[in-house]
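Taking the hints into account, I'd like the entire structure generated from these sequences.
Here is what each chain is made of, one letter per residue.
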Amino acid sequence: METEDPVVHIQEDPFEKEVKEIFQDTLGLIHIALVTHYGLEEGEATELEKDLYLWFLRFCMRPGNSSVRESRPFLLVACCQFAREYQRYVIGAGVRQSDDRLKRLLDREPADVARDFSRSLELLNFRYHDV
Amino acid sequence: MSEQAKILRFPPRQIPESLSAGAALETAQHYLSTPEENRSQAFREESLSNCDVLLAICKLLRDSMEASPATSASEATHLYRWVANPLSVVGLFDEREYLLGETSLIAAKASRLLGRKREAENWLDRSEAAFRHTVNPSPSLAGIAFERLALRFASGQYEETLELLPSLKASFRKLGMDLEHAKAQFLEAVTLRATGKEEEHFSLMQRLEQEPEVQGCPSLHGQILVHIGNHEASLGHFEAAARTYENALPIVLRGNRPVALCELKWSIGNAYRGQGSLSKAVESYRIAKNDYLQLGFRSFVTQLSLVIAETLLSLGRDREAEWEILSALPTIEEEKMVPEGLAAVALLRESVRRRKTNPAALRALREHLQTKA
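Protein chains in written order, with the working numbering: chain A, 202 to 332; chain B, 344 to 716.
Simulated from the structure, these hints should not be mistaken for lab results. No false leads were mixed into what you were given.
Just so you have them, the derived chain A footprint on chain B, three or more residues with Cβ under 8 angstroms:
(1) 387 to 401
(2) 436 to 442
(3) 482 to 491
(4) 519 to 530
Per label pair, the in silico range of CB-to-CB distance:
(5) Ser-267(A) - Gln-500(B): 30 to 38 angstroms
(6) Ala-410(B) - Met-262(A): 16 to 24 angstroms
(7) Gln-225(A) - Ala-410(B): 36 to 44 angstroms
(8) Asp-301(A) - Pro-509(B): 44 to 52 angstroms
(9) Gln-500(B) - Asp-214(A): 41 to 49 angstroms
(10) Arg-289(A) - Gln-372(B): 38 to 46 angstroms
(11) Arg-289(A) - Gln-384(B): 33 to 41 angstroms
(12) Asp-214(A) - Glu-380(B): 35 to 43 angstroms
(13) Lys-218(A) - His-580(B): 48 to 56 angstroms
(14) Arg-316(A) - Pro-509(B): 28 to 36 angstroms
(15) Arg-316(A) - Leu-430(B): 32 to 40 angstroms
Here are the computed lysine-lysine pairs in the DSS-like style, where the Cα-Cα straight-line distance is at most 27 angstroms:
(16) Lys-251(A) - Lys-402(B)
(17) Lys-402(B) - Lys-460(B)
(18) Lys-699(B) - Lys-679(B)
(19) Lys-460(B) - Lys-540(B)
(20) Lys-699(B) - Lys-623(B)
(21) Lys-540(B) - Lys-512(B)
(22) Lys-218(A) - Lys-402(B)
(23) Lys-221(A) - Lys-402(B)
(24) Lys-221(A) - Lys-251(A)
We put the CB at the ideal spot given by N, CA and C, even for glycine.
Here it is, written out as C-alpha cells:
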C-alpha cells in the first residue's frame with residue numbers, strides 16, 4: 202500500500218532520524234488501524250498520520266520518556282485514540298454512517314485496541330528476529 | 344482529511360509546521376527575554392501558538408528555575424492561563440493536557456523554592472489533574488510524587504518522607520529514570536540527616552557521589568559534594584572538608600545552579616566557624632546572604648542574618664549583631680515564618696531593644712527556622 206510521506210518540514214538531527222525510522226517502521230500498522238479498522242478514508246488517514254508524526258516526535262522528547270523504540274506502543278495508543286475521536290465526531294455530526302462492527306470498535310478503549318495491535322507488532326518483531 | 348471534516352474543524356489542530364529544536368529554542372529565548380509589558384497580543388499569539396516553542400519555553404523555565412524561581416513561577420502561571428484558554432491554539436491530541444501539567448509542575452517547584460508551600464500544593468493538584476489525561480502519564484506522575492515528598496520534607500514531615508521514598512524510588516527504577524532515582528536518593532539522604540542519622544546520610548551521599556548519572560549532572564554532583572564536605576567539617580576534619588569544597592567549586596559553577604553556590608559559601612562559613620575563624624566565617628556568610636538576596640530567597644536571607652548575628656555575638660560585635668537581627672525580624676513576621684506567640688521572637692526583640700541581645704533566644708529562633716527549612 203502506497204501512502205504519502207507524512208513527515209513534513211523537519212530538519213533532521215540523529216534523534217529525529219531515529220524517531221522517523223521508528224515511525225516509518227510502524228506506519229504500515231498505523232495505516233491498517235486507521236483505514237481497515239477505524240474505517241477512515243485514505244486521505245483522512247494520511248492527514249492524521251502527518252499529525253501523528255509531529256505528535257510522536259514531541260512525545261519522545263518529553264522528560265522521563267524512555268527510548269524511542271520503547272515509546273512505540275504509545276504511538277499506537279495515540280493512533281487509536283486519534284482515530285476514535287475523529288470517527289465519533291464525524292459520525293456524531295451525521296456526516297458518516299456507522300455500522301455494528303465500527304460501533305463495537307468505537308466503544309472499546311483505544312488503549313485496549315492498541316494493545317492488540319502491539320501484540321501484532323511483537324509478533325512481527327519475533328518473526329523478524331527469527332529470520 | 345475530508346472537506347467536511349475541515350468545515351467541521353475537527354480536530355482543532357495546529358498548522359502542522361514543526362520548528363527545529365534550535366529554532367524553537369531561539370523563539371522561546373526571544374519570548375522570555377521580552378519584558379512582560381512589551382509583549383503584545385499578536386506577539387504572544389505568534390510565539391505561543393507553536394507547540395515546539397511552548398515546549399522550549401518550558402525547558403528554559405525548568406533550566407533556570409533555581410536561579411530565578413520568581414520569574415519561573417510568574418512565567419509558568421502566564422503560560423498555564425494561555426494553555427487553559429479554550430480559544431488558544433495548543434498542539435495536537437494530548438498536548439494541551441501535557442502542557443497544562445508541565446506548566447503547573449514548573450509553577451509548583453518554583454513556589455516550593457520560594458517557600459510558598461500552599462501555592463505549591465495547589466499547583467501540584469492542577470498538574471496531576473492534567474497529566475492524568477495524557478498518553479503515558481507515569482513518568483510525569485512520578486515527578487509529581489517526588490515534588491510532593493520534597494514539600495513534605497520542607498514542612499518537616501521527615502518520617503512520612505522516609506516512609507514514602509522507597510515506593511517512589513521503585514517507580515523511578517521501573518521507568519528507567521536514573522537521574523530522578525538519584526535525586527530521590529539525595530532527598531532520602533538529606534531527610535536522614537534531618538532525623539539525626541548522620542552516618543547513614545554520609546554513607547548514602549558517598550555512594551551517590553560515585554554514581555555515573557550523578558557525575559553526569561553537575562548541579563546534583565556539586566550539591567552532594569557540599570554535603571560530604573559539611574559532614575567532614577562537622578567531624579572536625581577541616582582539611583578534608585576544604586579539599587571537598589575545593590573539588591565542589593568548579594562542579595557547582597558548571598552546574599549553573601546559583602543556589603548550590605550559595606550553599607557552598609554558607610558551608611565554607613560553617614567550616615570557618617567550626618575552626619574558630621569567626622571573622623572569616625562572617626565574611627563567607629555575608630557573601631552567601633547577599634547571593635541569596637539577589638536570587639530572592641528571603642527565607643535563607645533571614646536564616647543567615649541570624650547565623651551571622653550569633654557569630655558576631657561570639658566575636659563581641661554586639662551592635663552589628665543587633666543590626667542583623669533587626670533586619671531579619673520584619674521578614675519573619677511578614678512571611679509568618681514562626682507560629683504566632685513563639686516566645687523566642689518576643690524575648691529576642693525585647694533583648695535587642697534593651698541592647699542586650701539574648702543569645703539563647705537567638706539560637707532557639709535560628710534553630711526553629713532551620714528545622715522548618
